[in-house]
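A.B. asks: If you want the building blocks of each chain, they are given just below.
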Amino acid sequence: MDRVVPAGVGRAWGDLPEPVRRYALPALLIVLAFLYPKYVGSLPGAFPSVQTSVIMIVFTMMAIGLNIVVGYAGLLDLGYVAFYAVGAYTAAWFASLQFEQTSFHFGSVGVSPEAPGIHLSIWIVLAIAGLLTATAGILIGLPTLRLRGDYLAIVTLGFGEIIPQFVRNADNLGGFDLTHGTFGISPIDSPGFGSTLNDLVGLPVSFACRVRGFDVRSRVPGVRPWWHDRFTQFALAAAHEAVTDAGLDPTTWDGVRVAVVLGSAAGGVGTYERQHRKLLDTGARSVSALTLPACLPNMAAGQLAITLRAQGPVLHTATACASGATAIALAALAIDDLGENTSGTGLAVGTRSSPAPEVRAAT
Amino acid sequence: MLVIWSIVNFIQGPASFIDVLLIGLTNGAVYGLIALGYTLVYGILQLINFAHADVFALSGLVSSTMLTSVLGLTVADSTIVTLAGVGVTLLVAVAFGAALNTSIELVAYRRLRHAPRLAPLITAVGMSFILQNVGLYFWGVDYESIPNLIPQTDVFSIGGVDYQWNKLTVILITIPLLLFLTWLVNSTRQGKAMRATSQDPEAAAMMGINVNRTISFTFALAGGLAGAAGVLYLLNFTVVRYDQGFQLGLIAFTAAVIGGIGNLAGAVLGAVIIGMIEAFNEGLTWMTPGSDWTRSMVFGLLIAILVFRPEGLLGERTPEGA
Numbered sequence: 000m001d002r003v004v005p006a007g008v009g010r011a012w013g014d015l016p017e018p019v020r021r022y023a024l025p026a027l028l029i030v031l032a033f034l035y036p037k038y039v040g041s042l043p044g045a046f047p048s049v050q051t052s053v054i055m056i057v058f059t060m061m062a063i064g065l066n067i068v069v070g071y072a073g074l075l076d077l078g079y080v081a082f083y084a085v086g087a088y089t090a091a092w093f094a095s096l097q098f099e100q101t102s103f104h105f106g107s108v109g110v111s112p113e114a115p116g117i118h119l120s121i122w123i124v125l126a127i128a129g130l131l132t133a134t135a136g137i138l139i140g141l142p143t144l145r146l147r148g149d150y151l152a153i154v155t156l157g158f159g160e161i162i163p164q165f166v167r168n169a170d171n172l173g174g175f176d177l178t179h180g181t182f183g184i185s186p187i188d189s190p191g192f193g194s195t196l197n198d199l200v201g202l203p204v205s206f207a208c209r210v211r212g213f214d215v216r217s218r219v220p221g222v223r224p225w226w227h228d229r230f231t232q233f234a235l236a237a238a239h240e241a242v243t244d245a246g247l248d249p250t251t252w253d254g255v256r257v258a259v260v261l262g263s264a265a266g267g268v269g270t271y272e273r274q275h276r277k278l279l280d281t282g283a284r285s286v287s288a289l290t291l292p293a294c295l296p297n298m299a300a301g302q303l304a305i306t307l308r309a310q311g312p313v314l315h316t317a318t319a320c321a322s323g324a325t326a327i328a329l330a331a332l333a334i335d336d337l338g339e340n341t342s343g344t345g346l347a348v349g350t351r352s353s354p355a356p357e358v359r360a361a362t
Numbered sequence: 000m001l002v003i004w005s006i007v008n009f010i011q012g013p014a015s016f017i018d019v020l021l022i023g024l025t026n027g028a029v030y031g032l033i034a035l036g037y038t039l040v041y042g043i044l045q046l047i048n049f050a051h052a053d054v055f056a057l058s059g060l061v062s063s064t065m066l067t068s069v070l071g072l073t074v075a076d077s078t079i080v081t082l083a084g085v086g087v088t089l090l091v092a093v094a095f096g097a098a099l100n101t102s103i104e105l106v107a108y109r110r111l112r113h114a115p116r117l118a119p120l121i122t123a124v125g126m127s128f129i130l131q132n133v134g135l136y137f138w139g140v141d142y143e144s145i146p147n148l149i150p151q152t153d154v155f156s157i158g159g160v161d162y163q164w165n166k167l168t169v170i171l172i173t174i175p176l177l178l179f180l181t182w183l184v185n186s187t188r189q190g191k192a193m194r195a196t197s198q199d200p201e202a203a204a205m206m207g208i209n210v211n212r213t214i215s216f217t218f219a220l221a222g223g224l225a226g227a228a229g230v231l232y233l234l235n236f237t238v239v240r241y242d243q244g245f246q247l248g249l250i251a252f253t254a255a256v257i258g259g260i261g262n263l264a265g266a267v268l269g270a271v272i273i274g275m276i277e278a279f280n281e282g283l284t285w286m287t288p289g290s291d292w293t294r295s296m297v298f299g300l301l302i303a304i305l306v307f308r309p310e311g312l313l314g315e316r317t318p319e320g321a
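First to last, the protein sequences are chains A and B.
Its first residue numbered 0, the first sequence is counted upward by one per residue in numbering that gives the first Met the number 0.
Its first residue numbered 0, the second sequence is counted upward by one per residue in numbering that gives the first Met the number 0.
There could be a bad hint or two in this list.
Said to hold, decoys possible - Have a look at the derived ranges for each label pair, beta carbon to beta carbon:
no., chain 1, residue 1, chain 2, residue 2, range
1, A, 285, B, 291, 56 to 64 Å
2, B, 9, A, 181, 30 to 38 Å
3, A, 123, B, 264, 49 to 57 Å
4, B, 4, A, 60, 44 to 52 Å
5, A, 111, B, 67, 55 to 63 Å
6, A, 60, B, 201, 41 to 49 Å
7, B, 68, A, 32, 52 to 60 Å
8, B, 183, A, 53, 54 to 62 Å
9, A, 57, B, 201, 41 to 49 Å
Worth flagging that the hints you see were computed from the coordinates, not collected in a lab.
We treat Cβ as the ideally placed atom computed from N, Cα and C, and that holds for glycine.
Please work from the sequences and hints to get the whole structure.
C.D. replies: Pasting the structure below:
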């Protein structure tokens with residue numbers, strides 16, 4: 000075998016006492032894996048995201064399990080992944096809103112106590128999933144393990160077909176919804192180790208497009224973030240990026256011939272929520288004086304006009320999900336009307352509920 | 000119980016019962032052609048050729064290109080032109096399937112003949128993926144469709160029982176193929192060589208049989224049947240897609256196992272049984288679980304057969320069979 004480490008390192012490693020060799024390296028690796036989310040951001044180059052590494056570890060565990068069945072026991076199991084499904088549905092049954100007829104909480108972290116359904120602690124769910132999957136394995140194994148070789152492979156293939164179909168159809172077992180059919184069960188409670196790993200815990204959201212670590216000052220110099228709601232900051236950053244990418248320079252253009260048309264169905268929700276909470280928690284005097292201007296939906300268009308030195312018409316459209324398209328169409332019409340030497344900017348900014356804002360920009 | 004269930008369903012609607020029976024028979028014939036390929040290969044190599052179904056799907060794609068782009072057949076063509084075109088396509092598809100399957104054996108399985116059994120099996124799964132991706136690359140993800148070349152008009156319509164030309168064509172092509180295959184395996188020197196090789200390759204080689212050539216021939220035969228099945232499927236359903244092989248292959252393979260893998264008549268019997276189960280379950284109304292559960296029923300039957308009669312319905316009990 001090729002030496003992957005220099006001989007000196009190998010000798011030094013060999014000189015170490017046996018317990019160190021046996022436990023130190025694994026322990027080091029475990030610590031490194033545990034702390035991975037903390038330092039992945041500062042690693043040079045493209046390292047897998049935390050999400051990807053979780054999937055990697057899941058597949059590693061499945062490969063180890065498959066190795067026990069196929070490798071050690073020599074049983075060719077082509078339906079092994081069905082047990083993965085059993086485990087996944089166990090988690091879905093015991094830590095989600097699935098059985099909303101009941102409400103049972105035990106040890107779950109970060110789930111609202113009023114939430115219906117069964118919510119057990121991740122550790123208990125782990126144990127139950129292991130037990131249920133083992134039981135499923137024994138039940139399937141009882142009749143099939145008499146078979147050998149190819150025949151076993153075929154039977155497991157058969158189970159691998161039956162179990163997905165059962166899951167797909169089990170949203171109506173005599174009126175009882177066990178698996179929610181093709182829609183699947185979502186959301187499943189997050190592991191809940193605390194608030195740092197996942198602050199979306201408890202929200203019935205299955206995915207969110209979150210913008211992390213956003214600071215408008217790094218993108219639009221001279222803007223004071225505390226004056227504006229987040230949706231205005233997104234609009235500013237996106238519009239400045241668009242203007243730069245288009246090769247335009249606001250310091251040299253004829254401002255009177257520049258118009259701003261910006262579409263956003265809503266705006267200022269985050270500011271509203273924070274200030275309202277302040278009002279309830281600490282009284283009226285602590286509410287910011289900038290609450291009202293920050294919440295005006297057309298404030299993004301206005302701020303854009305100021306920072307881009309646009310002195311033509313400044314319009315804002317609010318037509319639900321079509322706001323952005325309306326804005327672009329309106330801008331195109333305006334350019335047509337004003338003649339070809341006019342530049343126009345159409346910007347679409349969408350804001351969802353405040354814990355998960357999202358921006359889409361088009362110019 | 001099964002008899003009572005059939006009788007009640009028959010009384011509920013005699014016409015639709017026979018209708019469904021004929022549909023089951025037709026689908027069973029297509030499954031049977033694919034199942035025979037599995038059974039031929041398994042009989043001789045004890046290998047589940049997972050790539051077989053993808054040979055079927057690729058042949059279907061090739062014949063769709065033949066029919067629409069190369070020959071350019073349309074519904075307006077006269078019967079003779081259509082028949083000739085379908086005949087040519089059938090020949091091309093059979094040749095393509097045979098060549099493809101033989102080259103798969105040559106490239107992938109031949110070197111692994113003495114490897115542990117898991118190795119060729121996994122290789123077969125890998126070949127299946129490769130073929131699917133070849134189909135995906137050349138034909139894309141969309142369904143390839145052909146015009147209704149064989150008219151879907153009724154051959155006969157007696158007392159509400161209808162049978163269409165496109166279904167009859169399937170039967171008309173399948174039955175001669177099956178007879179030809181039976182003759183080939185039972186009455187020719189090559190067939191004798193195949194049977195000898197499947198019983199004991201080493202002894203067969205000692206008797207002067209060219210084992211490699213026999214195995215190649217078996218693969219060609221299986222591939223040819225898959226090619227024919229591809230054309231028939233296409234004529235019957237008018238659409239085919241790169242991943243069509245997977246589901247059909249699983250069904251056909253199940254058919255081969257239910258009938259007793261390695262046994263030619265068993266494969267056809269198993270295929271017809273599965274075609275019937277599907278058709279009855281989806282077409283009849285009294286006490287049927289409905290199409291949502293078809294697959295579970297088919298594979299449930301498979302598991303039951305394997306547990307209680309692992310050698311299959313027509314198979315022979317062998318020492319290592321169970």
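A.B. asks: So, for every hint listed, does it hold in this structure?
C.D. replies: Evaluated hints:
1. For the pair residue 285 (chain A) and residue 291 (chain B), the supplied restraint of 56 to 64 Å holds, since their beta-carbon distance comes to about 59 Å.
2. A hinted range of 30 to 38 Å for the beta carbons of residue 9 (chain B) and residue 181 (chain A) is consistent with their spacing of about 34 Å.
3. For the pair residue 123 (chain A) and residue 264 (chain B), the supplied restraint of 49 to 57 Å holds, since their beta-carbon distance comes to about 55 Å.
4. The hinted window of 44 to 52 Å between residue 4 (chain B) and residue 60 (chain A) holds, with their beta carbons roughly 45 Å apart.
5. Look at residue 111 (chain A) against residue 67 (chain B): about 59 Å separates their beta carbons, and that is inside 55 to 63 Å.
6. Taking the beta carbon of each, residue 60 (chain A) and residue 201 (chain B) are about 43 Å apart, inside 41 to 49 Å as hinted.
7. The hint said 52 to 60 Å for the Cβ distance between residue 68 (chain B) and residue 32 (chain A), and at roughly 55 Å that hint holds.
8. Restraint check, residue 183 (chain B) to residue 53 (chain A): a C-beta distance of roughly 56 Å satisfies the suggested window 54 to 62 Å.
9. Separated by about 46 Å at the C-beta atoms, residue 57 (chain A) and residue 201 (chain B) satisfy the suggested range of 41 to 49 Å.
Violated hints: none; the structure is consistent with every hint.
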